[in-house]
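In the numbering used here, the protein residues as written are 131 to 343.
The hints are simulated quantities; they were obtained by calculation from the structure and are not laboratory data.
Among the hints, a few may not be true.
Unchecked claim - Straight-line alpha carbon distances no greater than 30 Å define the calculated BS3-like cross-link-like pairs of lysine-lysine that follow:
| hint | residue 1 | residue 2 |
| --- | --- | --- |
| 1 | 250 | 293 |
| 2 | 162 | 215 |
| 3 | 146 | 167 |
| 4 | 156 | 146 |
| 5 | 146 | 237 |
| 6 | 245 | 215 |
| 7 | 197 | 232 |
| 8 | 162 | 224 |
| 9 | 237 | 224 |
| 10 | 215 | 146 |
| 11 | 204 | 224 |
| 12 | 293 | 232 |
| 13 | 162 | 232 |
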Amino acid sequence: TIMFTPTIYFPEIDSKTQTMPLEDSKLHHLRKVLRMKDFDNVNISNGQGQLFTGKFVNDSVQIITQKNFQRKNKICIFIPYLREKNRFRFMVEKLTELNVNKIYIGKTENTQNTKVDILKIHNWAISALEQSGTPFFPNIEVTETIDYSIFDTCFDITGGVLKKDSPKVHNFAIGPEGGWSPEELSNFKFKYKLSDFSLRTDTAAISAVSLMM
Numbered sequence: 131t132i133m134f135t136p137t138i139y140f141p142e143i144d145s146k147t148q149t150m151p152l153e154d155s156k157l158h159h160l161r162k163v164l165r166m167k168d169f170d171n172v173n174i175s176n177g178q179g180q181l182f183t184g185k186f187v188n189d190s191v192q193i194i195t196q197k198n199f200q201r202k203n204k205i206c207i208f209i210p211y212l213r214e215k216n217r218f219r220f221m222v223e224k225l226t227e228l229n230v231n232k233i234y235i236g237k238t239e240n241t242q243n244t245k246v247d248i249l250k251i252h253n254w255a256i257s258a259l260e261q262s263g264t265p266f267f268p269n270i271e272v273t274e275t276i277d278y279s280i281f282d283t284c285f286d287i288t289g290g291v292l293k294k295d296s297p298k299v300h301n302f303a304i305g306p307e308g309g310w311s312p313e314e315l316s317n318f319k320f321k322y323k324l325s326d327f328s329l330r331t332d333t334a335a336i337s338a339v340s341l342m343m
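Make a model of the complete structure from these sequences and hints.
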């Protein structure tokens, strides 16, 4: 017996859907990996705040109920590419699980050149959504530069201490492994530090989001 109800990501599903046919890759995962049988429960997330529950029947899901969720916060984060793929993937997955609204992935002066595969990044986020069962999928954008009109706040070891009563920041940028350049730092209006010691980019991103939730 299955102890938990698995979640599938289908952006196309809406309130009118009664039966959702499943594609081969999803079927394989449910039947072969999760050992699901007919009439077991399945959740379907549309990534936009709707979570549908249904029964797995004849290679499709028959929808029974629907729940609507509102985002508790609209966090928008800028993260640099990471050369180390496993750590980059870990960061994208955790930001998805934490229900970050928008993830900008871009270059900074100290970012090592890395080829970014947006499809791969989307697949990492999908697997995190399905693993965590969240009804929200992040908006992911790859950008060449930082838009300082969106991101006026950054986290950096040279920044001020974040106090308990500091206002919550919803848009912020996380620096690369080599740190921000002096010119980049001068473009931010606000700078905060998360620790007295250097944090790795993935640690800083996850810590910052957790603090601002």
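Mind listing which of the numbered hints don't hold for this structure, in increasing order?
1, 5, 10 and 13
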